[in-house]
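Asks: If you want the building blocks of each chain, they are given just below.
Number of protein chains: 2
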Amino acid sequence: MPVASPTDTKSELLEAAERLFAEHGIARSSLRAITREAGANVASVNYHFGSKEGLVKAVFAHRLEPLNRERLALLDRCLESAKGDPDLKCVLRALIGPALQMMRDREPGHKCFAQIMGRAFADPEERVRSILLDEFREVRERFTAVLAVILPQLSPEELFWRFHFMIGAMAHTAAGSFFVTRHSAGVVDPSEVEGMTLKLVNFLAAAMSAPATRSPRKTKKRKK
Amino acid sequence: MPVASPTDTKSELLEAAERLFAEHGIARSSLRAITREAGANVASVNYHFGSKEGLVKAVFAHRLEPLNRERLALLDRCLESAKGDPDLKCVLRALIGPALQMMRDREPGHKCFAQIMGRAFADPEERVRSILLDEFREVRERFTAVLAVILPQLSPEELFWRFHFMIGAMAHTAAGSFFVTRHSAGVVDPSEVEGMTLKLVNFLAAAMSAPATRSPRKTKKRKK
DNA sequence: GTCTATAGGTGGATAGAC
DNA sequence: GTCTATCCACCTATAGAC
Numbered sequence: 001m002p003v004a005s006p007t008d009t010k011s012e013l014l015e016a017a018e019r020l021f022a023e024h025g026i027a028r029s030s031l032r033a034i035t036r037e038a039g040a041n042v043a044s045v046n047y048h049f050g051s052k053e054g055l056v057k058a059v060f061a062h063r064l065e066p067l068n069r070e071r072l073a074l075l076d077r078c079l080e081s082a083k084g085d086p087d088l089k090c091v092l093r094a095l096i097g098p099a100l101q102m103m104r105d106r107e108p109g110h111k112c113f114a115q116i117m118g119r120a121f122a123d124p125e126e127r128v129r130s131i132l133l134d135e136f137r138e139v140r141e142r143f144t145a146v147l148a149v150i151l152p153q154l155s156p157e158e159l160f161w162r163f164h165f166m167i168g169a170m171a172h173t174a175a176g177s178f179f180v181t182r183h184s185a186g187v188v189d190p191s192e193v194e195g196m197t198l199k200l201v202n203f204l205a206a207a208m209s210a211p212a213t214r215s216p217r218k219t220k221k222r223k224k
Numbered sequence: 001m002p003v004a005s006p007t008d009t010k011s012e013l014l015e016a017a018e019r020l021f022a023e024h025g026i027a028r029s030s031l032r033a034i035t036r037e038a039g040a041n042v043a044s045v046n047y048h049f050g051s052k053e054g055l056v057k058a059v060f061a062h063r064l065e066p067l068n069r070e071r072l073a074l075l076d077r078c079l080e081s082a083k084g085d086p087d088l089k090c091v092l093r094a095l096i097g098p099a100l101q102m103m104r105d106r107e108p109g110h111k112c113f114a115q116i117m118g119r120a121f122a123d124p125e126e127r128v129r130s131i132l133l134d135e136f137r138e139v140r141e142r143f144t145a146v147l148a149v150i151l152p153q154l155s156p157e158e159l160f161w162r163f164h165f166m167i168g169a170m171a172h173t174a175a176g177s178f179f180v181t182r183h184s185a186g187v188v189d190p191s192e193v194e195g196m197t198l199k200l201v202n203f204l205a206a207a208m209s210a211p212a213t214r215s216p217r218k219t220k221k222r223k224k
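Taken in sequence, the protein lines are chains A and B.
For the record, in the first sequence the residue sitting at position 111 is 111 according to our numbering, with numbers rising by one throughout.
For the record, in the second sequence the residue sitting at position 7 is 7 according to our numbering, with numbers rising by one throughout.
Think of the hints as simulated: they come from the structure by calculation, not from any bench.
Please note: incorrect hints may appear among the correct ones.
Same chains, same label: a pair holds when it works inside one copy or across any pair of copies.
What the hints assert, rightly or not - Think about it this way: if two alpha-carbon atoms lie no more than 20 Å apart in a straight line, the pair counts; the simulated SDA-like pairs of lysine to any residue are: (1) 10 / 64; (2) 89 / 205; (3) 111 / 125; (4) 89 / 215; (5) 89 / 158.
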């Protein structure tokens, strides 16, 4: 037999779920709506994925594994091409570029998944969080280790917080906030992903390179 | 008659809702759970707030109005104390400080609301978004105008994106991401709000001051 | 203002025919 | 593998007694 048809029910369900999760959120996308969107039967999700949770995990795994593999591959290329002295912007682009690129890709579902992922960082539902946490662990550890070498002036605590702030900016941007479409007043083009990525990398490179924060030793020091 | 008791049913409902919204999210907090938490009756929400949506709006209005008033007051103080030449960090602290301070305040509910607000920026539910959008509009316009004066080298487009990235970092931090508690490995103390605020302001001041991003004119230029 | 009881709807999951 | 029919838990909202 040939390879499985790319439009079989299981794939249709994955793509339909991705679209609806992006539009309405995971919790508010019912199995009935998903199966209707996929042109399949209500029982098909339980047949193919065991439960709604199984479907959610499948959607994340399907996109996050290639995404994180690409991040790590790009990081390796940064390390190779500049032996012992990796470039900060190269590393940041390896972390951020692949995620934002998903907002652009033509393949159906990709643009949507960037939104799902961006929102998942803020999702209060334990199961969604733990999926992202597991998938992201290796990426986090490897990038943190490299950044510690590039930015030796930062204490582990300060590096931790800067990484945290960086994730926030990235997630908010990947989520494609409503603010962009409603507040932009014609001044920006959210579909111009490459320019957006350049601006975010530029923004974060300056932020990560900032001098270490002085400890707030109650000395009431004046800034400026 | 004296002033209304501070522990009347309406206030109890507001505080109970805030706690549960922070812990489980708005959509997953049922009126049954909220009224049980408040020690009130299931019908009390509809009596006092008309509907669940009315309760949600009341929770947001109750916290966001004072929060945004404080932001604007602090911004005015930045402008006064340095006539014609406001300090960037002072302005950033006016925007960010009051929000992060909510994570610390002893008054019950405040810490929780920082989480709700942080997540609301990524919430796919239209009604939640529009509440935040309306409440945030004036703050956004005034801060953007002041930042345009402090950072004249930025085009409106670049300023727009930098403001966007900044909101992401702030919201993610205020939401008190699970990453902090699970990945910190004893290296940070999330309850140390003042140090966290200093670090975020320092991080963002460097980011906002970064040189304007070069336009990606297909010239395949090498960085570094 | 507060309560009980219930209406009216939607959710995930499954049994069993085909 | 796919479908229909159905179960049961849970939701918001309201009617009406107190």
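Asks: Within a copy, between copies, both or neither: where do residue 10 and residue 64 come within 20 Å Cα-Cα?
Replies: Classified as within; 18 Å inside a copy, 44 Å across copies.
Asks: For residue 111 vs residue 125, is the C-alpha pair at or below 20 Å within one copy, between two copies, both, or neither?
Replies: Between copies only: 19 Å across chains, 23 Å inside a chain, cut-off 20 Å.
Asks: Taking 20 Å as the upper bound on the Cα-Cα distance, should residue 89 and residue 215 be classified as within, between, both, or neither?
Replies: between (27 Å within a copy, 16 Å between copies)
Asks: State whether the alpha carbon distance between residue 89 and residue 205 is at most 20 Å within one copy, between copies, both, or neither.
Replies: Answer is both; intra-copy 6 Å and inter-copy 18 Å each pass.
Asks: For residue 89 and residue 158, with the copy left unspecified, which applies at a CA distance of at most 20 Å: within, between, both, or neither?
Replies: Answer is both: 19 Å inside a copy and 18 Å across each meet the 20 Å cutoff.
In summary, the structure agrees with every hint in the numbered list given earlier.
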